[in-house]
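Chains A and B, in that order, are what the protein sequence lines are. Residue numbers are given in my numbering: position 166 of the first sequence equals residue 166, and the series is strictly consecutive. Add 343 to the 1-based position in the second sequence for my numbering, that's all there is to it.
Since the hints were made in silico from the structure, they are not lab data. Treat the hints with care, since some could be wrong.
As the list claims (entries may be wrong) - In silico DSBU-like cross-links for lysine-lysine, where the CA-CA straight-line distance does not exceed 35 Å:
#1 A/K302 - A/K220
#2 A/K323 - B/K727
#3 A/K302 - A/K323
#4 A/K213 - B/K727
#5 B/K727 - B/K577
#6 B/K545 - B/K453
#7 A/K323 - B/K612
#8 B/K577 - A/K213
#9 B/K545 - B/K606
#10 B/K606 - B/K546
#11 B/K612 - B/K546
#12 A/K23 - A/K213
#13 B/K454 - B/K577
#14 A/K220 - B/K727
#15 B/K545 - B/K577
#16 B/K727 - A/K302
#17 B/K546 - B/K453
#18 B/K546 - B/K577
#19 A/K302 - A/K213
#20 B/K577 - A/K220
#21 A/K302 - A/K23
Unchecked claim - Among the chain A residues that face chain B by a calculated CB cut under 7 Å, a handful are:
#22 I40
#23 P221
#24 G223
#25 T224
#26 H230
#27 A251
#28 H266
#29 K323
#30 M325
#31 P332
#32 S333
#33 R338
C-beta atoms are modelled at their ideal positions from N, C-alpha and C, and glycine is treated no differently.
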Amino acid sequence: MDFSLSEEQQMFAETARQLFADKSGADQWREQMRSGEARIEARWSAIAENGFTTLLLPENEGGLGLSELDFALVAEQAGYAALPDPLVESAGVAAPMLAQLAPGHDLLARPDASIAIQHPANAAVADADISAAIILHDAGTAYLARPDQVGLSRRESIDPFRRLFNVEWDKQQATELGRADWDLALDRGALFAAAQGLGIAQRCVDLAVAYAKERQQFGKPIGTYQAVKHHLASAQTAIEFVRPVVLAAAARIGDRDLVAQSLISHAKIVALEAADNAARAAIQVHGAMGYSWEVDVHLFLKRSLALTNSWGTPYFHRQRIAKRMATCPIGPSHTFDREPQNA
Amino acid sequence: MQLEYTPEQEAFRLEIRSWLEDHVPAEPLEHFDNSREGFEAHRDWERVLETGNWGMVTWPPEYGGRGLDLIQWLIFEEEYARARAPGRVSQNGIFLLGPTLIEFGTDEQKKRFLPPMASGQEIWAQAWSEPMAGSDLAGVRATAARDGDEYVLNGHKIWSSRAVFADWAFGLFREPGTERHAGMSLIFFPLDAPGVTVNPIKKINGHVGFAEILLENVRVPEFNRLGGEGEGWKICMATAGFERGLMLRSPARYQLAAAELAKLWERRKGDPSVDPALEDDVVRAFMNAEAYALSIYRTASMLIGGATIGPEASTNKIFWSELDIHLHRTALALLGPEAEFLSEPGAHDWIDDYIFALAGPIYAGSNEIQRNIIAERMLGLPRK
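From just these sequences and the hints, can you work out the full model?
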């Protein structure tokens with residue numbers, strides 16, 4: 001039993017944090033919103049060069065052959081930076097599915113090619129227009145098409161950096177990939193949404209702390225007042241009890257049993273709740289500034305809002321946990337169980 | 344990261360499980376705060392534990408322990424909760440003072456105090472708070488005046504859990520004339536020493552869970568001071584760290600309660616008086632208990648790897664105290680019109696456990712103080 005991250009894992013997460021801090025800061029967001037550019041090529045190629053897009057791919061496909069736990073650490077940092085790019089869904093969900101269904105596919109050899117994925121749990125397809133290909137869903141079977149082979153209509157999201165599309169497509173114009181593991185895709189999508197939620201929550205607390213130290217009212221920083229302190233202490237407390245759940249879910253996703261699914265669902269629910277609570281606390285601490293477009297907190301609020309109902313709603317995930325509770329032993333000594341029939 | 348027990352850890356689990364199956368009393372004991380009989384029955388149980396060398400498994404063998412690591416301690420706690428073994432009447436000693444003694448005590452002090460603490464021969468109470476020093480603990484006024492190689496203790500301590508029936512207390516005293524954090528020392532005194540008066544205080548559940556302690560010229564040897572003279576505040580904060588951090592509330596009790604709540608839900612769902620939406624709260628209670636367990640396992644792993652517990656211990660205290668209240672409120676909602684009735688002996692005492700949970704946000708440093716600590720020491724917000 002060892003519930004700690006290795007030095008390599010911590011260094012890897014730090015590399016991601018640095019890269020995203022340099023390339024996905026407030027100035028870059030504003031510039032991208034102003035220009036309306038779909039993707040900042042310099043940032044995307046730096047992400048690809050660091051191996052983040054091929055992290056989950058097997059080594060014989062040119063990937064790093066790392067685990068969901070390693071990718072969750074990157075996804076957490078993507079959340080912390082409100083990363084606009086399609087890294088998490090492309091590299092965390094779509095690319096591993098393609099590698100499973102079509103080993104040796106030429107897209108896998110192109111680290112800068114992003115892949116979009118249509119999943120029945122989601123209302124739209126993210127970043128479909130800038131993808132090299134889209135994995136499409138039809139009655140359990142996966143198909144692959146280029147964006148120019150399908151009809152895309154944009155659906156504007158409240159999150160200015162989520163590029164969402166309805167996809168009209170025809171099997172004649174797509175390549176059949178075979179029966180796909182949509183449940184695994186959902187688990188990965190939910191897990192990495194949870195990891196992003198963790199990063200979003202921490203960023204909101206950090207932004208609010210920085211503001212509360214500077215902003216003066218009644219002759220002293222507002223961060224001296226308990227009413228302000230306690231909002232942020234509560235938000236931080238929630239974060240402390242999300243992180244171990246996300247890490248455990250990431251470490252156990254490969255088990256593919258009800259216990260692992262329950263952990264992923266738990267992580268998904270509490271991480272996005274922590275993100276939403278932290279974002280609203282941060283807005284409150286910022287006062288009227290927090291309600292303005294000038295302060296960046298709103299981007300995190302919106303990302304959290306979007307992820308809360310992506311890759312399974314809280315209700316869907318609660319039902320999976322309830323199923324574990326009803327069918328597997330629970331209580332002291334069962335935390336790290338496998339589902340009995342798989343044990 | 345390796346979230347599986349080793350074969351040695353699994354074997355240890357089976358060892359404690361089988362020992363507890365053979366030894367845990369078939370009938371629950373009377374509560375240790377309610378009567379001398381209940382208290383002594385729990386002391387007898389501590390002696391039984393000691394015969395199996397299970398008093399405090401993490402302590403070094405020479406002081407009555409087994410020298411085990413924190414993961415093994417968590418396994419012990421899980422099995423202890425599973426077996427529904429009696430509550431630890433010695434918890435102030437073994438979970439709070441013991442670890443502090445191991446860190447700050449002299450060899451002679453450890454030899455003198457730890458083995459009888461582990462065996463239940465000497466049961467400890469905590470004497471920190473005073474009528475005018477609660478959350479503001481640095482406002483302590485009780486004094487320890489030096490007289491040769493003795494201290495003369497005077498003052499008024501209050502809210503001392505277990506003090507009515509316990510044998511010893513550890514208290515915070517200051518050198519006469521000193522103020523605030525300076526000049527305090529942590530000193531042990533026998534509760535039957537001349538000059539000590541203990542007055543029981545009833546809790547809201549009617550039990551005599553705590554007491555006030557009046558000290559009038561109580562003489563104790565210098566040997567009874569833990570750590571240096573004037574270092575009491577620092578040592579007291581270290582004890583509080585153990586209290587909030589890891590030891591006081593191990594996750595197993597909440598996991599057990601969450602599992603019981605799940606059973607209650609299975610029994611009660613579908614009853615016309617039960618709101619189907621309560622399933623969300625049942626799931627929530629389970630999630631909270633599991634999150635707490637995962638967090639403590641993670642902390643234990645990090646401590647084994649050489650890390651130390653800092654102000655994040657305060658997040659633990661907030662989390663377990665709030666989850667406990669939520670869990671028990673959910674149980675009461677499921678019980679509906681039955682919730683208000685006192686439980687039959689032997690039945691799960693949801694209402695009394697709920698009343699007990701209400702103390703959680705107050706003791707061991709109120710949750711308001713914990714939030715201040717988190718804001719100031721974890722997040723770096725200004726004190727003033």
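These are the hints, each one checked on the structure:
no.: 1; hint: A/K302 - A/K220; result: holds, 31 Å
no.: 2; hint: A/K323 - B/K727; result: violated, 49 Å
no.: 3; hint: A/K302 - A/K323; result: holds, 31 Å
no.: 4; hint: A/K213 - B/K727; result: holds, 11 Å
no.: 5; hint: B/K727 - B/K577; result: holds, 22 Å
no.: 6; hint: B/K545 - B/K453; result: holds, 34 Å
no.: 7; hint: A/K323 - B/K612; result: holds, 15 Å
no.: 8; hint: B/K577 - A/K213; result: holds, 28 Å
no.: 9; hint: B/K545 - B/K606; result: holds, 33 Å
no.: 10; hint: B/K606 - B/K546; result: holds, 30 Å
no.: 11; hint: B/K612 - B/K546; result: holds, 33 Å
no.: 12; hint: A/K23 - A/K213; result: holds, 26 Å
no.: 13; hint: B/K454 - B/K577; result: holds, 23 Å
no.: 14; hint: A/K220 - B/K727; result: holds, 8 Å
no.: 15; hint: B/K545 - B/K577; result: holds, 31 Å
no.: 16; hint: B/K727 - A/K302; result: holds, 33 Å
no.: 17; hint: B/K546 - B/K453; result: holds, 33 Å
no.: 18; hint: B/K546 - B/K577; result: holds, 30 Å
no.: 19; hint: A/K302 - A/K213; result: holds, 25 Å
no.: 20; hint: B/K577 - A/K220; result: holds, 29 Å
no.: 21; hint: A/K302 - A/K23; result: holds, 20 Å
no.: 22; hint: I40; result: violated, 32 Å
no.: 23; hint: P221; result: holds, 5 Å
no.: 24; hint: G223; result: holds, 4 Å
no.: 25; hint: T224; result: holds, 5 Å
no.: 26; hint: H230; result: holds, 5 Å
no.: 27; hint: A251; result: holds, 5 Å
no.: 28; hint: H266; result: holds, 5 Å
no.: 29; hint: K323; result: violated, 10 Å
no.: 30; hint: M325; result: holds, 5 Å
no.: 31; hint: P332; result: holds, 4 Å
no.: 32; hint: S333; result: holds, 4 Å
no.: 33; hint: R338; result: violated, 9 Å
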